[in-house]
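There are 2 protein chains.
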Amino acid sequence: MRTLYEQLAESLEQRIREGQLRPGERLPSVRQACTQAQVSAATVFQAYYLLESRGLIEARPRSGYYVRPPARGHARAARPEAARTESTPVAISELVFEVLDSTRDREVVPLGSAFPAPELFPLERLARAGARAMRHLAPQALTAELTAGNVRLREALRARYVRQGIAVNPDDPIITNGAMEALNLCLQAVTQPGDTVAVESPTFYAALQALERLHLRAIEIPTDPTSGVDPDGLAEVLRQHRVAACWLMPSFQNPLGALMTTSRRQAIVRTLSQAGVPVVEDDVYGELFHGATRPVPLKAFDRDGLVMHCSSFSKCLAPGYRVGWAAAGRHAATVQRLKMMSSLATAVPSQLALAAYMEEGGLDRHLRQLRLTLARNLARVRQWVLRHFPPGTRVSQPQGGYFLWVQLPDPVDTLALHRAALAQGISVAPGAIFSADMRFQNSLRLNAGHPDDPRVEGAIRVLGALARQAEPPR
Amino acid sequence: MRTLYEQLAESLEQRIREGQLRPGERLPSVRQACTQAQVSAATVFQAYYLLESRGLIEARPRSGYYVRPPARGHARAARPEAARTESTPVAISELVFEVLDSTRDREVVPLGSAFPAPELFPLERLARAGARAMRHLAPQALTAELTAGNVRLREALRARYVRQGIAVNPDDPIITNGAMEALNLCLQAVTQPGDTVAVESPTFYAALQALERLHLRAIEIPTDPTSGVDPDGLAEVLRQHRVAACWLMPSFQNPLGALMTTSRRQAIVRTLSQAGVPVVEDDVYGELFHGATRPVPLKAFDRDGLVMHCSSFSKCLAPGYRVGWAAAGRHAATVQRLKMMSSLATAVPSQLALAAYMEEGGLDRHLRQLRLTLARNLARVRQWVLRHFPPGTRVSQPQGGYFLWVQLPDPVDTLALHRAALAQGISVAPGAIFSADMRFQNSLRLNAGHPDDPRVEGAIRVLGALARQAEPPR
Numbered sequence: 094m095r096t097l098y099e100q101l102a103e104s105l106e107q108r109i110r111e112g113q114l115r116p117g118e119r120l121p122s123v124r125q126a127c128t129q130a131q132v133s134a135a136t137v138f139q140a141y142y143l144l145e146s147r148g149l150i151e152a153r154p155r156s157g158y159y160v161r162p163p164a165r166g167h168a169r170a171a172r173p174e175a176a177r178t179e180s181t182p183v184a185i186s187e188l189v190f191e192v193l194d195s196t197r198d199r200e201v202v203p204l205g206s207a208f209p210a211p212e213l214f215p216l217e218r219l220a221r222a223g224a225r226a227m228r229h230l231a232p233q234a235l236t237a238e239l240t241a242g243n244v245r246l247r248e249a250l251r252a253r254y255v256r257q258g259i260a261v262n263p264d265d266p267i268i269t270n271g272a273m274e275a276l277n278l279c280l281q282a283v284t285q286p287g288d289t290v291a292v293e294s295p296t297f298y299a300a301l302q303a304l305e306r307l308h309l310r311a312i313e314i315p316t317d318p319t320s321g322v323d324p325d326g327l328a329e330v331l332r333q334h335r336v337a338a339c340w341l342m343p344s345f346q347n348p349l350g351a352l353m354t355t356s357r358r359q360a361i362v363r364t365l366s367q368a369g370v371p372v373v374e375d376d377v378y379g380e381l382f383h384g385a386t387r388p389v390p391l392k393a394f395d396r397d398g399l400v401m402h403c404s405s406f407s408k409c410l411a412p413g414y415r416v417g418w419a420a421a422g423r424h425a426a427t428v429q430r431l432k433m434m435s436s437l438a439t440a441v442p443s444q445l446a447l448a449a450y451m452e453e454g455g456l457d458r459h460l461r462q463l464r465l466t467l468a469r470n471l472a473r474v475r476q477w478v479l480r481h482f483p484p485g486t487r488v489s490q491p492q493g494g495y496f497l498w499v500q501l502p503d504p505v506d507t508l509a510l511h512r513a514a515l516a517q518g519i520s521v522a523p524g525a526i527f528s529a530d531m532r533f534q535n536s537l538r539l540n541a542g543h544p545d546d547p548r549v550e551g552a553i554r555v556l557g558a559l560a561r562q563a564e565p566p567r
Numbered sequence: 094m095r096t097l098y099e100q101l102a103e104s105l106e107q108r109i110r111e112g113q114l115r116p117g118e119r120l121p122s123v124r125q126a127c128t129q130a131q132v133s134a135a136t137v138f139q140a141y142y143l144l145e146s147r148g149l150i151e152a153r154p155r156s157g158y159y160v161r162p163p164a165r166g167h168a169r170a171a172r173p174e175a176a177r178t179e180s181t182p183v184a185i186s187e188l189v190f191e192v193l194d195s196t197r198d199r200e201v202v203p204l205g206s207a208f209p210a211p212e213l214f215p216l217e218r219l220a221r222a223g224a225r226a227m228r229h230l231a232p233q234a235l236t237a238e239l240t241a242g243n244v245r246l247r248e249a250l251r252a253r254y255v256r257q258g259i260a261v262n263p264d265d266p267i268i269t270n271g272a273m274e275a276l277n278l279c280l281q282a283v284t285q286p287g288d289t290v291a292v293e294s295p296t297f298y299a300a301l302q303a304l305e306r307l308h309l310r311a312i313e314i315p316t317d318p319t320s321g322v323d324p325d326g327l328a329e330v331l332r333q334h335r336v337a338a339c340w341l342m343p344s345f346q347n348p349l350g351a352l353m354t355t356s357r358r359q360a361i362v363r364t365l366s367q368a369g370v371p372v373v374e375d376d377v378y379g380e381l382f383h384g385a386t387r388p389v390p391l392k393a394f395d396r397d398g399l400v401m402h403c404s405s406f407s408k409c410l411a412p413g414y415r416v417g418w419a420a421a422g423r424h425a426a427t428v429q430r431l432k433m434m435s436s437l438a439t440a441v442p443s444q445l446a447l448a449a450y451m452e453e454g455g456l457d458r459h460l461r462q463l464r465l466t467l468a469r470n471l472a473r474v475r476q477w478v479l480r481h482f483p484p485g486t487r488v489s490q491p492q493g494g495y496f497l498w499v500q501l502p503d504p505v506d507t508l509a510l511h512r513a514a515l516a517q518g519i520s521v522a523p524g525a526i527f528s529a530d531m532r533f534q535n536s537l538r539l540n541a542g543h544p545d546d547p548r549v550e551g552a553i554r555v556l557g558a559l560a561r562q563a564e565p566p567r
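These protein sequence lines are chains A and B, in that order. With this note's numbering, letter number 43 in the first sequence gets 136, and the count goes up by one each step, no holes. With this note's numbering, letter number 456 in the second sequence gets 549, and the count goes up by one each step, no holes.
Bear in mind the hints are in silico, worked out from the structure with no lab data behind them. Given the structure is predicted, the values throughout are model-derived calculations rather than measurements. Any given hint could be a false lead.
[To be verified] These stretches of chain B come out as covered by chain A in the derived footprint (C-beta under 8 Å, 3 or more residues): (1) 219-228; (2) 232-238; (3) 271-277; (4) 388-402; (5) 432-438.
For every residue, glycine included, the Cβ atom is placed at its ideal position computed from N, Cα and C.
Extracted from the complex, chain A is given alone in its bound form (with noise of 0.2 Å):
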């Protein structure tokens, strides 16, 4: 069911689109259009978000909102890269670590972080529940458990899958500390060290990490940065090399933001079923899509079982709880047996707090929230980075999560403009940790996840400053 919120924006989107509403053309005020759709001006707000999020309108400071010129923003949505088609071994660590290290610095402005900011969770309503169910254990769960995880929390997110029209096995889901331990048990599952593993490119660097650790080759496949991986592209890997598992990230992808189309994903899955390929489905930011449903998860068009679905609850409700899971389909007593091997159980007073947590309800509430704040925090974000940056610039707009992807106009190299921001306090995350081989060094991926931070602004006006100012790559 569609809120008030959404329908309003629906409606305004349908005007823009049919040209009742015109580029450059204001919107009614708040106040007007509180009067007109008979809505408080919280849902108009709401719906102003949501289209600007959508990159449909967008606000003039101390004016209002105005209808975007469509050609701009489209002219300037980030652009696709040749993937490479050699599968190369991984050793990314170094850099990647180096990066991570300087993004953890309070005095840093947080561009480079992967983690929205915790102000935005409702912890004290989780320490409250989590208190409550610690103190009524009983004493014999927390051994009964291992491995698994607590049965309550597995029923609700058993619910949650039944409520997506997700089948899962009986053995499903898998309680794991954080998605990161869920996605590294499933690939672990099905490779053996010297596979090759076809990933997104660029790649989330976790699962460049995963494949070194593991001791395993990256073939990338061609990925859109508005519709994600290309089926074709996927089924000519499939045919040119032999695979032993995919890794991809359908919704909001890791760096690019993309959303996988429903038809390319039933493609995806027909085709990995086709050829027995398992594929490891990083679900993280399904929960935080701005617009007006859910993605349907690879998973859901899953029928041989081959889709291990992975997620967690550190990108929309408790971060630092390092609560995930995997549902692993046909691989999951192998997924079970490598999680007792590896770590035996997930930390019983996390799964209690998030068990007690989502039976008291709320959950839902809060996400509606959270999609909102982050939807309004990207396009303003976004706004700030085609104001400030060098002209040609291109800026991805996802439709989901709190990520942008930034590729600079000239041959320059991010990991440089990196360490000269660092210089100045600022964080980025450089194109050069998402590949194996240090490509997209002319991209960087900017956090817009946190809403409150007074220096975001002024750092993306920084972070334009040194963009025009970079070298190129030697």
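Starting from the known structure of chain A, fit chain B onto it as the hints suggest.
Then chain B, alone, in the frame of chain A:
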């Protein structure tokens, strides 16, 4: 400083050793001893429990405590078996999973379990400490303390190392998801697939599983059931094989309960240092000594940063919290990076609860009580085994922990015994799961860490009857 009960136990022990109290002689009643030594009844009980756990005296129902004949206990102590001299690939997991699965059912008497009874731990106080700490959590801490762990908890652990006279490097300790993760990360930090790792014989099955998961080979070092790994045996193994690392449990080894002497520890660290071979030291039972002082870890003798000391709170304070740590010496940075790659960080609620508990004080008092309880119970279960098992059965006499290693007098397949016992609602850990090639078929490990379970003596009687009827292995 010795406590009153330890002083009392010592003076009684001296009188036994010097023949003033002779085998079969009755000790003073608790009331008499109170008057003689001017101490409380609790102190006398604790002293008697301690002597009982050391095998020096035994309780006779409704009669009091008696000095035990030394020869009998000695003759029946567990006997070492020859170690394998060839390295072997490891594929033990299926069997281990079968056995571990069987211990989860609450209806089953958990003699095969690896955990002591959860009622032995201050779970309520931990929950309260955790609740307070979570309510006052600075949200930034949730992401700022990735990956090494909570600063306060690490400080508290460092202080305990200092108290034991152990210097740890400034990056240490790294907080992990239980000792299991610490051990796995340390092992991975110093090995590559195909490498050979020297292990005890018998070996803790999780070490074998870690080797299996990381595609490593095992070479066994001769291990005495009382004094642990033989330094000469280790030196011989290092001469004959290219060993990448060692995995040892010097204190109350699982499953033998062996306690390495200080001089053996020094010799082993010297030998490994000369060969430049790192050692993963599993010290999860180190705090569960039944005697007067904590065994000194190998780490204390390490001058080259080659000892990777791993432990946790899971067996001594907080089962289910999944908080362990590694002080990994010269490999600390590598371990931290592997941790980041495989599970990112350890659950913050668990870490905060433990940090707050340690800061409030009371850990040492809890540990003193726990040691007494476990010592008393180990002695009781040991007596039951000697009473109910076939004549000639050998039973270990551990100075700490809560495991008994039982060697049956005739060739018997304890895996079949495990299955027969399970059919009667009793789990045991058969010897076969403690070796890469299914040896130790004649032995089994019993858990004596369930002091309040009234079913234990009856279960031991059933096991004894099954052992008498058991068939030799085919």
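Status of each hint after checking the structure:
1. 219-228: holds (count 7)
2. 232-238: As far as the region 232-238 of chain B goes, the hint holds, because 6 residues have Cβ atoms under 8 Å from chain A.
3. 271-277: holds (count 4)
4. 388-402: Not satisfied, violated; 0 residues make the cut.
5. 432-438: Check passed, 6 qualifying residues.
Violated hint for the displayed structure: number 4, the only one.
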